[in-house]
Structures are given as structure tokens and as C-alpha cells.
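2 protein chains.
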Amino acid sequence: MELQAIGVQHPAVRQVQHIQNNTAPNRYKLFVAEGLWAHNMLLSHNAPIDTFFWCPEAIYADEAHRRAEETAARAERAFRISLRTLEKISERDKPDGLLSLAALPRWTPRDLRFGRSALVLVADGLEIPGNLGTLIRTLDACGADALVLTNRKTRLTHPKVIRASQGTILSVPTLEFEEVAEAAEWLSSQRFTTYLADTDEALNYRQADYSGRTALVVGSERYGIGKAWYEHGHSRVAVPMLGSGDSLNVSVSASILLYEARARKSRW
Amino acid sequence: MELQAIGVQHPAVRQVQHIQNNTAPNRYKLFVAEGLWAHNMLLSHNAPIDTFFWCPEAIYADEAHRRAEETAARAERAFRISLRTLEKISERDKPDGLLSLAALPRWTPRDLRFGRSALVLVADGLEIPGNLGTLIRTLDACGADALVLTNRKTRLTHPKVIRASQGTILSVPTLEFEEVAEAAEWLSSQRFTTYLADTDEALNYRQADYSGRTALVVGSERYGIGKAWYEHGHSRVAVPMLGSGDSLNVSVSASILLYEARARKSRW
Numbered sequence: 001m002e003l004q005a006i007g008v009q010h011p012a013v014r015q016v017q018h019i020q021n022n023t024a025p026n027r028y029k030l031f032v033a034e035g036l037w038a039h040n041m042l043l044s045h046n047a048p049i050d051t052f053f054w055c056p057e058a059i060y061a062d063e064a065h066r067r068a069e070e071t072a073a074r075a076e077r078a079f080r081i082s083l084r085t086l087e088k089i090s091e092r093d094k095p096d097g098l099l100s101l102a103a104l105p106r107w108t109p110r111d112l113r114f115g116r117s118a119l120v121l122v123a124d125g126l127e128i129p130g131n132l133g134t135l136i137r138t139l140d141a142c143g144a145d146a147l148v149l150t151n152r153k154t155r156l157t158h159p160k161v162i163r164a165s166q167g168t169i170l171s172v173p174t175l176e177f178e179e180v181a182e183a184a185e186w187l188s189s190q191r192f193t194t195y196l197a198d199t200d201e202a203l204n205y206r207q208a209d210y211s212g213r214t215a216l217v218v219g220s221e222r223y224g225i226g227k228a229w230y231e232h233g234h235s236r237v238a239v240p241m242l243g244s245g246d247s248l249n250v251s252v253s254a255s256i257l258l259y260e261a262r263a264r265k266s267r268w
Numbered sequence: 001m002e003l004q005a006i007g008v009q010h011p012a013v014r015q016v017q018h019i020q021n022n023t024a025p026n027r028y029k030l031f032v033a034e035g036l037w038a039h040n041m042l043l044s045h046n047a048p049i050d051t052f053f054w055c056p057e058a059i060y061a062d063e064a065h066r067r068a069e070e071t072a073a074r075a076e077r078a079f080r081i082s083l084r085t086l087e088k089i090s091e092r093d094k095p096d097g098l099l100s101l102a103a104l105p106r107w108t109p110r111d112l113r114f115g116r117s118a119l120v121l122v123a124d125g126l127e128i129p130g131n132l133g134t135l136i137r138t139l140d141a142c143g144a145d146a147l148v149l150t151n152r153k154t155r156l157t158h159p160k161v162i163r164a165s166q167g168t169i170l171s172v173p174t175l176e177f178e179e180v181a182e183a184a185e186w187l188s189s190q191r192f193t194t195y196l197a198d199t200d201e202a203l204n205y206r207q208a209d210y211s212g213r214t215a216l217v218v219g220s221e222r223y224g225i226g227k228a229w230y231e232h233g234h235s236r237v238a239v240p241m242l243g244s245g246d247s248l249n250v251s252v253s254a255s256i257l258l259y260e261a262r263a264r265k266s267r268w
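Just so you know, the protein sequences line up as chains A and B, in that order.
For the first sequence, my numbering begins at 1 and goes up steadily by one.
For the second sequence, my numbering begins at 1 and goes up steadily by one.
Pulled out of the complex, with its shape left as it was, chain A reads as follows (with noise of 0.2 Å):
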């Protein structure tokens, strides 16, 4: 494979130095792959690749090498990098001799259509980028319609968030709102019953009622649901604690709730 050689003065080098630190604007939600698994994952998810980075000096399985013409011929460009390159963008021990800058999928409230019981998380405030890629791979799992984020602190590029996601971020549907007045009634003005996910004058999350279109809202690892989501009326659900903790981590309570409204919308 023939491709330009490019070194680390290289505009598109800086661009994943930007993107990796975050001091640049990333309008396109473009989010850096490393590594052979996360080259099958942007393969099989056919997900938009901007920039390739190959280093063949960097690579020692056959896989790789096919998966290295494939990528070249999916992004929109291609260039050779040396060893040296690829120790200063990546931040893997071993990158395979892959990297790319690929695009996450964007989304409207406009593109989504809901059915008869759809389900969706809203994670108000969240901070922990591991904790949110984990959700995204159990909304993934349970066949949550989407993901709503509300007074976001972690972004979705994130390097932990993409690698605790497992890659089941480039097919679960997320969608921001500026303000958590809007997010909730978008949610009402779509017919889906909120649930705020907290311990206090709470209904037992079994007794709870998950028919027609159901909304969870669970908070921050610190601080909880923010308060702007107290003002339009909707029930709390707990998951009982039961020992001398006070909290369960988020993505655990959420995976919880995800799980119950699913059972008891599917009958299981």
C-alpha cells in the first residue's frame, strides 16, 4: 500500500493531538480509534472515517495489515506515519499501527421514532467518562431507543467513554439538550412517563409503572439529579439500599432500572 508519508509537524497529527486533549472545538464529534479492535468496530459499524494513520513498522499481525488496505479505502484520507509519529497520538502501549479519526454519529430529536413502549435514559450531569460508556453498552443491551444527556460534564469522545461503550456508542442513539426544561418536555410532549432515579419519598422501582413510553433520569456521581429536573412533577423510583452504603455507583442503578422497565415491558 502506497500512501503519503506524513510527519508530527503534519496539520493532521496536531488535529489528533487537539482531539485527544480537547483544546480544540470538535463540531464534527470526531473521536480518536486505536488499535485493531476498535478498526473492526469502525468497520462493521461502517462509521465515517475522516483520517488514517498506518504504521506499518507498528505492525505484526496479518489481521491488521487487511484491516490497514480496508480502513485506507473507507476514510476520507490516508497517510503513512513513522514509530515515532505514533508514540506522540497514541495513547495505547500498542496501537497495532492503526489510529484514526473517526466521526461519531450525530442525532436529532427529528430523527428518532418511538414506539408503543420505548425506553430512554437520561443522565443528567454525569462525570465519569468510564461510568457513561458503560451505560451507553447496557442501553446497547437492553434495546433502549436513546440516550438523553442534560447538563453534560463528560464529553462523548472521551477516549473511556468510546472504550467502556465497547464500541455500542457508534449504534445507541444520544441526544444533548442545553436545558433540562426542554429535554423534559420533549420527553413529555412524546408521551414517555419520567422517572427520577432517587432514594428520597421514593416508590420501590418494582412498584413501579412501565407501561407506555417510559424516561429514567438518574445524576451525577456526587451531587445526584440536578435540581431543575425537580420542577415539572415527576415520580422518584428507588432501588432499595439495604446496607451501610448510601448510593449504588450510577451506572449500576441505571442498569438496574434499564432492566426492570424492559422485563416488565417484554413480560420476561
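Rather than coming from a laboratory, the hints here were simulated on the basis of the structure.
A virtual CB, placed ideally from N, CA and C, is assigned to each residue, including glycine.
One thing to keep in mind: the hints can contain errors.
Stated by the list, open to error - Only part of the chain B face toward chain A is listed, based on derived beta-carbon distances under 7 Å:
#1 R137
#2 G143
#3 Q166
#4 A238
#5 M241
#6 G243
#7 N249
#8 V252
#9 S255
#10 Y259
#11 A263
#12 W268
Since chain A is already given, all that's left is putting chain B on it; use the hints.
Relative to chain A, chain B alone:
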């Protein structure tokens, strides 16, 4: 408070480094607790404190001064250290001037007495400390009786296990078995019904029978449950996977199973 001042060459300081880096045997299950939050946890759980290190120059909060005195009074031995020494042994940015070597409780099968509807989780070969800690936090929350470890790959004294457990590791009983057969026989002798969490040839987890005593086995992040667990005729239960991914995060799937068992046992 007057405490003996020691420097980086002191054996107690070196011991902390060995524990942090896991470079010496640790038969008393010592772990490093850093900062105000961790010390509040030690004091409230009455955990045995082996050595307390006090760095007054790094203390800013009044509460930390009070905790320092309480911890020094409770510790087997207590020393004063400089900021420079604290930096050598601390893994945190701001350890609030408080660092202790404390001991995890140690349990044997004989310490445990099970009720009629006991609930136990077996973690086989789990590799990621954060997952193990998050699991322990869920075990506390759902009132489980114990965590059983087989094919242990990560130590309970790992700082990330302690942190993710949010202190619940001080109260949730944990048992380790050298051999899977030993664990399986012990559970059977205690009249547990054991289920393996596996998606192949498995029953939907909502259809399983959780009456009596229940043990749930989950496996490693990469390889699932080890072969030896399949030699005892246990049934398999699965959380249905409805999306593009083929698995859930292990602490998520374990939590969904644990709360299902708890809900059914408690008739929520």
C-alpha cells in the same frame, strides 16, 4: 499532638511502599487509606489501624485535625512525617495530611451463618479492580451475605478496589477458595442453589427460581467463567442481550442478577 518524626528511610514508610506496589507478602491484608474520607470510613467501621502517618503541613480542614487525633489514638503506632515523605507514599494529589495502613477484615467459612434465603456472589477470575470494588458496593446495597472469590486475579487490598467499594469492603464478608471444586462443594454443603451467569444455553434470569439460598457465579471480563465451574451440573441464567454488543460489564450484569434475586426473595 506530639508524635515521633520519621523520614523516608524508616521501615514503616518502606512498608507502605511495598503495600502500594504489592512487592511484599501481605498476610494481614493491609491496605493504604489516604485522606479524610478514607479515615472517616476507617473510624466509623472500627477497622484495625496498624500505622498512622500524620503530616500536619498538609492539613487544611479542622475536621482533618480532629480525625488525626482520633486516628492516632486508635492506631497501633503513629508517626509524624514531612510533606516530602507524604508525597513519596501518597498516590493521591491531596491526601489531606492523613495516611494509614489499615487491615481488611479476614473471614473464614466458619465465620458465616446463613439464613433461609441467603444470597452469595461468586466472582471467578475478575481482573479489573474497579469492577471488583463496584461489585462489593452492590453486594452491600442488596444485603448479600458474602462475596466468594475463585481464580482470584486482583487483590482486595488494591487501592482501586477499596475506592470503588466506597468503604463497603470493610463490612461485606469475602472468602477466597484456592480451588473451584472446594467452593462448589462448600456452597452445596450449605444448601445453596448455584447459577452460572452465561448467555449460552441459559434460562432468562427472570424465570429462575430464587427460593432458598442462592449463589450466582460471574466470570472474568475477557474469558467469562472458568471451565472448572461447568463440571458441577449447575444451571445457567442469562440477562438477555438485545443489541449489537455481546455482553454487559460484569459488575452491571452481576448487579442486575443480584437485585433480581433480592427482589424475588423479598417479594418486592
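Hint-by-hint comparison with the structure:
Here the hint on R137 of chain B is kept, as its CB sits about 6 Å from the closest CB of chain A, short of 7 Å. For G143 of chain B, the interface hint holds, the least distance from its beta-carbon to any beta-carbon of chain A being 4 Å, beneath 7 Å. Taking 7 Å as the C-beta contact cut-off toward chain A, the hint placing Q166 of chain B at the interface holds, the least distance being around 5 Å. At its closest, the beta carbon of A238 of chain B sits 11 Å from a beta carbon of chain A; the interface hint therefore is violated under the 7 Å criterion.
Taken as an interface hint, M241 of chain B checks out: its beta carbon lies about 5 Å from the nearest beta carbon of chain A, inside 7 Å. Interface restraint check: G243 of chain B against chain A, minimum CB-CB distance 3 Å, threshold 7 Å, status holds. Because the closest C-beta pair between N249 of chain B and chain A is about 5 Å apart, less than 7 Å, the hint holds. Because the beta carbon of V252 of chain B sits about 5 Å from the nearest beta carbon in chain A, less than 7 Å, this interface hint is met.
A hinted interface residue such as S255 of chain B counts as satisfied when its beta carbon comes closer than 7 Å to some beta carbon of chain A; here the least separation is about 5 Å, so the hint holds. Annotation: interface hint on Y259 of chain B holds; nearest CB of chain A at approximately 5 Å, less than 7 Å. Look at A263 of chain B: its Cβ gets to within about 5 Å of chain A, closer than 7 Å, so that hint holds up. With a cut of 7 Å, the hint placing W268 of chain B at the interface with chain A holds, because the nearest CB-to-CB distance is about 4 Å.
Checked against the numbered hints listed earlier, the structure breaks hint 4 alone; every other hint is satisfied.
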